[in-house]
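Starting from the given sequences, assemble the full structure and let the hints guide the process.
When we follow this note's numbering, the leftmost residue of the first sequence carries the number -5, and every step to the right adds one.
Hints are supplied without guarantee of correctness; some may be wrong.
[Stated by the list, open to error] The calculated DSSO-like cross-link candidates involving lysine-lysine, where the alpha carbons are at most 27 Å apart (straight line), are:
#1 K300 x K445
#2 K158 x K148
#3 K544 x K148
#4 K300 x K159
For the record, the hints were derived by calculation from the structure and aren't laboratory data.
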Amino acid sequence: MEESAQSTSEEQQRYNPAEIEPKWQARWDADPALYAAEGHDCGKPKFYCLEMLPYPSGQLHMGHVRNYAIGDALARFMWMRGSNVLHPMGWDSFGLPAENAALKNNTPPAEWTLANIAAMRRQMRRMGLSYDWATEVTTCLPEYYRWNQWFFLKMFNAGLAYRKKSKVNWCPQCQTVLANEQVVDGRCWRHDDTPVEQRDLTQWFLRITKYADELLSGLDKMDGWPEKVRTMQRNWIGRSEGALVDFAVAASQQAAEKITVFTTRVDTIFGATSVQLAPEHAVAKSFAAGNPRLAAQIDEMLAQQKDAREAGDLSAIEKHGVDTGKFAVNPFNGELVPIWVANYILADYGTGAIMSVPAHDERDFEFANKYGLPVRRVIVPNGQKQNTEILGFAQNDGASEGTLPYTAEDDSSLADSGQWTGQPCVEAQQKMAAFARENGFGTATVTYRLKDWGVSRQRYWGTPIPMVYCANGHAGIEPGGVVPLPESALPVLLPAQVEITQQGGSPLGRVAEFVNTACPVCGGPARRETDTMDTFVDSSWYFYRYTDAKNAAAPFDSAKANYWFPIDQYIGGVEHAILHLIYSRFWTRVMRDLGLINNDEPAARLFTQGMVIKDGAKMSKSKGNVVSPDLMIERYGADATRMYALFAAPPDRDLEWQEDGVAGISRFLGRVYRLTTKYSEPASRRVSETTAQATQCAAEAKLLRTLHQTIAKITDDFSGRWHFNTCIAAIMILVNEIAAAEPLMEEGKISGPAIAEVFRTLTLLLAPFAPFLAAELWEQLGGQGAVFRVAWPVADAELAREAEIEIPVQVNGKLANVVTLPAGSDEATIQAAAQTDAKVAARIAAKTVVKVIVVPGKLVNIVVR
RNA sequence: GCCCGGAUGGCGAAACUGGCAGACGCAGCGGACUUAAAAUCCGCAGACCCGCAAGGGUUGUGGGAGUUCAAGUCUCCCUCCGGGCACCA
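Take a look at the structure:
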């Protein structure tokens, strides 16, 4: 009996997250105002803290835990600093996995998705994340996706959404089209074992290229974004300045037949020794029409390209080409050059045709070597003689040794180039483009790698595209033509009972009640568009919806969006650098041009956290190294799990998950709990300040010094470096010092107010990292209200200052001893102390002091000989 | 091939502007408490060598050179690992 009574009372002293965490979770759940954002008139500075919304797979993984632990710490810190914080969460809940699950389990996608959301919301609450659930956004619900449709209509009317037939990426696994951004190394971004096929389909596109220049130049100003992400976006946009030049086809029956080439080096045009066409090029096709041999060779090239693309490595195929036997006229010098078709010319970049200048381009050089095409040098470094020779066959030795291809354009000039000979390259590029324009055979131009965003998906679980095809046609619309629905017809609801099968074609096409409708203009029969939108549409603007999530009349109220935007801190994985993060920048500009918002960019600052790794590899089911957050929470509690995710590595680096480390954090939290609860009522327990004596005051001063240094360090880190791992280490140091001072507290030799300040502040410092424990301790300390609304402690520089400082003394760069001196001692004092130190003196005895370096506050180095 | 990161004890890491390398934690070892164990608390700890010990010496931040009184940190060259881009004319 006695034993159990004792163990019960000890039990109460023990840190038991399984008890305190659910208790606080229930209290927080019952208090929706706790994490609610306030209005624009609350008088506080706003802070929009956002983590990327997850796909509701049904299971939180460690990457989520890390992402949300970072965001949550920041949100709580900002609240404590007196900001009005918006910290929302939502669900990127359209997409293929729901259809796959439907196939597998015979569960409707909606049901499966909503159940997953419920499960993940429960996990997030269990983690104690400070989301304002009143602003929750679920993209698969009509309340949300109707605004996708609304935007789509706006874009259609603005000419930003259009249909065209083109070659598109098709994933046979997903049974749908993919955007360029969703093709990774020739594979589907979701199925890295599935080669993407090319199909000709008529699809809806969004005109992101209209904003290409702005998306590019905007990056220069985005210094709150990682340089890495900005670079990736720059490369993806791939702006390139050059010129279009028309080469007439010589002796063409069709007099107007010409080949327009794109080049960034029009200054090299006198060195062009052939014109190269992509196998898909229209002129190549027209030549092939009368030349079966050529036609066969072109077909072979196309087949080979397809194979290579499916193998995932386009650059692996060897360059080869075929001479068409035709010639083109170089408009600058009237020369005839042969026209070839070559497999390395991309049909969808530039014009699908180039002028080949072997002397000044790596690829052209390689190609010319292979086929013995002439190499003519027309660019030389400044100062070199400007007469050159036609080399005839390319050479790798002799006269051209190591000099070709010569690709530099800076500090280089033209040679053998008619009236432009001797001019610097860069200057000549402009003048020659202007010349072409004046003479009607070319112009300066800019091309982009970025293509318009193909958004049609032949899938069920997505936003229906709000368009119909009027069967009979009417004024201005031919039969079968596209008619946009009026806004009043929105939302176009996704039909609930749809059989999901693996056959091709849009599943919606098999739902007669959905497909068959009336034309909104003429009332005649019409069929609905049966493709749905890419799910990246959903995530392109969801963060605006958070500012006004319940609005039934508009996607959001502009005043609210303008108050909260831009996002002050966006946190997520780098894998979205050129998908979500470029689409949402585009969407923001579209909304701005529609007059809905004032900002150009969605997020002022972006943080990309590192991956969570186990046994040296990214966690994945196939590797069998997945660690379940649920299991960690069950064993060690949410506080310990989250805090470990912040402690194990700086947030931008990869993190190796070690369960023993979580146990260590749990132990640490237990220590905090034990100490704090023991001293939670100092006034009633002991303490009279008058007992303090000088030496004990020193111990107290030391404790307070560490306390204030810790405050300063953490406060500083939140505003800059975000090295939460060292913040937590600093708290551990503080706690170690408190534990060391415990005997003095026991004896009442540390004052009551000091003890109270130490534990009160410790609790506040822990609040962003271990919210459950902080809430519990705050209550036990008698704190009023939610700990997350208590003002963040302010470091007192006076209390934080070190009275004495240890200065290492080196002799010839090697440590001889450490001397202790009052802080702020001047150079002379330090040097004197250093040189008179016994150990130091012993080392410099019998030597000559050459030089003494004194760095006040840092060290002394005595150079002897 | 090009562009970013990164490499520090047995492990995760720290050292922010050049100034005591390894803070903090994990694992380990020793001790206290306990009949015992768990939990907890205290202590030790880069490696090598000398010493019974206190202590002392050498060496050490992927490799090599350099700048400097002083280099994990700066410069040059190289190796390996991770990520991105890759026939873009």
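- Violated hints - listed by number, lowest first: none
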